[in-house]
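Undergrad: Take a look at the letters that make up each chain.
2 protein chains.
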Amino acid sequence: MKAQDYPAPVLELITRLKRMPGVGSRGAERFALWFLQHGRTDARALAAALQTAADVVSACPECGFFAQEGKLCTACDDPTRDSSLLCVVEQPTDVLPIERSGSFRGLYHCLGGKISPLDGVMPEDLSVQHLLERVHQHPGCEVILAVGSDVDGEATALYLAELLGRENCRISRIAQGIPAGAGLGHADAVTLMRALDGRRSLGS
Amino acid sequence: MKAQDYPAPVLELITRLKRMPGVGSRGAERFALWFLQHGRTDARALAAALQTAADVVSACPECGFFAQEGKLCTACDDPTRDSSLLCVVEQPTDVLPIERSGSFRGLYHCLGGKISPLDGVMPEDLSVQHLLERVHQHPGCEVILAVGSDVDGEATALYLAELLGRENCRISRIAQGIPAGAGLGHADAVTLMRALDGRRSLGS
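Chains as they are written, first to last, in my numbering: chain A, 1 to 204; chain B, 1 to 204.
It is worth saying that the hints were derived from the structure and are not from the lab. Wrong hints could be hidden among the right ones.
Derived EDC-like pairs (lysine to aspartate or glutamate); straight-line CA-CA distance at most 20 Å [as the list claims (entries may be wrong)]:
#, chain 1, residue 1, chain 2, residue 2
1, B, K71, B, D42
2, B, K18, B, D5
3, B, K18, B, E29
4, A, K18, A, E29
5, B, K71, A, D55
6, B, K71, A, E12
7, A, K18, B, D42
8, A, K71, B, E12
9, A, K71, A, D55
10, B, K18, A, D42
11, B, K18, A, E29
12, A, K18, B, D5
13, A, K71, B, D42
14, A, K18, A, D5
15, A, K18, A, D42
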């Protein structure tokens with residue numbers, strides 16, 4: 001006698017769900033059973049959405065954010081945006097947090113990563129050449145380096161600052177300091193050092 | 001200027017992923033971005049698996065466990081199983097935990113729920129008639145009531161025990177007591193009462 005297991009299509013579904021980040025065997029089984037017991041319509045709708053997204057979503061040819069195949073993303077396609085402001089981020093996923101803050105009205109440039117010799121990521125692996133071309137197209141623009149503040153991010157910012165220093169553009173780096181709403185007790189030494197370094201005078 | 005958001009197919013994918021149990025907005029976004037950035041092949045494979053599972057998986061016509069459309073499940077299809085033992089569970093998802101324990105070699109019967117007047121679930125909503133038919137087919141069999149030990153589960157077990165009392169079969173209920181590996185300190189009063197009630201004599 002063989003111990004009973006799920007039918008092959010259910011096991012295949014569990015295997016596929018388990019590939020998702022942070023989903024283990026139990027979670028994948030739970031999702032699969034939910035789809036079978038309560039969500040056949042949801043299963044078909046999710047299947048269609050996955051297929052469509054995998055087929056038609058690609059990188060915006062201008063900035064690298066998500067866009068529909070062969071089209072510009074909504075920011076690059078929006079003539080009311082300030083094309084003299086170019087915000088350089090590591091990943092396309094960094095764009096929306098900035099958008100949602102509502103404090104930026106310029107364009108973006110997604111590098112596709114950060115310089116990290118240990119991981120084998122060199123400047124030529126990133127969208128650096130295209131960044132220079134975009135800066136050429138908008139002489140006098142401001143390039144805001146919004147890459148992360150870890151070691152690799154800082155190295156990337158320094159590298160880009162040096163490279164862009166020869167171009168007709170202003171270069172800035174997003175501020176580092178204590179996060180909004182946080183007490184000093186939770187800030188580490190490096191953050192406090194940078195917050196003090198970057199202090200701004202109040203009053204006239 | 002409109003704030004940038006994901007392209008429509010990505011938003012649709014996020015919406016669909018969010019329907020999964022326990023997945024919120026952040027989790028759905030994380031899954032969607034993972035599929036787009038690292039898992040296009042995985043996205044297509046999961047889409048196919050969902051479609052197949054939704055199309056070909058149905059309830060075993062005999063016991064109600066998952067089976068491929070039009071076929072018996074592997075347990076009902078296995079002639080080496082002991083057909084004189086019928087384990088009655090609430091849901092198809094209750095079958096595998098028992099299978100995995102390796103301590104049961106009989107057949108199953110999934111009721112499809114438990115009697116719960118407050119939720120509008122009455123005996124006629126469950127697979128009770130078919131259970132009687134199966135008992136008729138195996139005179140002298142033992143019916144093990146393995147429904148849950150909550151109020152509705154107990155009511156269901158009592159109802160079935162009364163109904164099956166008129167049939168040619170033995171009726172048993174799975175034991176209630178302290179879980180394996182647990183100290184008494186963690187057991188509630190009802191569990192302890194039932195563990196004492198169900199005590200077994202040791203020695204000869």
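Undergrad: Confirm or reject each hint.
TA: Outcome of the hint check:
1. About 29 Å separates the Cα atoms of B/K71 and B/D42, which puts this hinted pair outside 20 Å; it is violated.
2. The hinted pair formed by B/K18 and B/D5 meets the criterion: a straight-line CA distance of about 17 Å does not exceed 20 Å.
3. Our distance criterion of 20 Å between C-alpha atoms is met by B/K18 and B/E29, whose separation comes to about 8 Å.
4. Restraint check for A/K18 and A/E29: the C-alpha separation of about 8 Å stays at or below 20 Å, so the hint holds.
5. Pair hint B/K71 plus A/D55 does not hold up; C-alpha atoms about 35 Å apart against a cutoff of 20 Å.
6. Taken as a hint, the B/K71 and A/E12 pair is honoured in the structure, with Cα atoms around 18 Å apart against an allowance of 20 Å.
7. A distance of roughly 10 Å separates the Cα atoms of A/K18 and B/D42; the hinted pair therefore holds under the 20 Å criterion.
8. Note on A/K71 and B/E12: the hinted pairing holds, with a Cα-Cα distance of about 18 Å set against a maximum of 20 Å.
9. Pair hint A/K71 plus A/D55 holds up; C-alpha atoms about 14 Å apart against a cutoff of 20 Å.
10. At roughly 10 Å between alpha-carbon atoms, B/K18 and A/D42 fall within 20 Å of each other, so this suggested pair holds.
11. Pair hint B/K18 plus A/E29 holds up; C-alpha atoms about 17 Å apart against a cutoff of 20 Å.
12. For the proposed pair A/K18 and B/D5, the alpha carbon gap of about 28 Å is over 20 Å, so the pair is violated.
13. Between A/K71 and B/D42, the direct Cα distance comes to roughly 24 Å. Violation of the 20 Å bound is thereby established for this hinted pair.
14. Taking the CA atoms of A/K18 and A/D5, the gap is about 17 Å. The hint holds against a cut of 20 Å.
15. Between A/K18 and A/D42 the CA atoms are separated by roughly 18 Å; this keeps the pair inside 20 Å, and the hint holds.
The structure fails to meet hints 1, 5, 12 and 13 from the earlier list, while all remaining hints are met.
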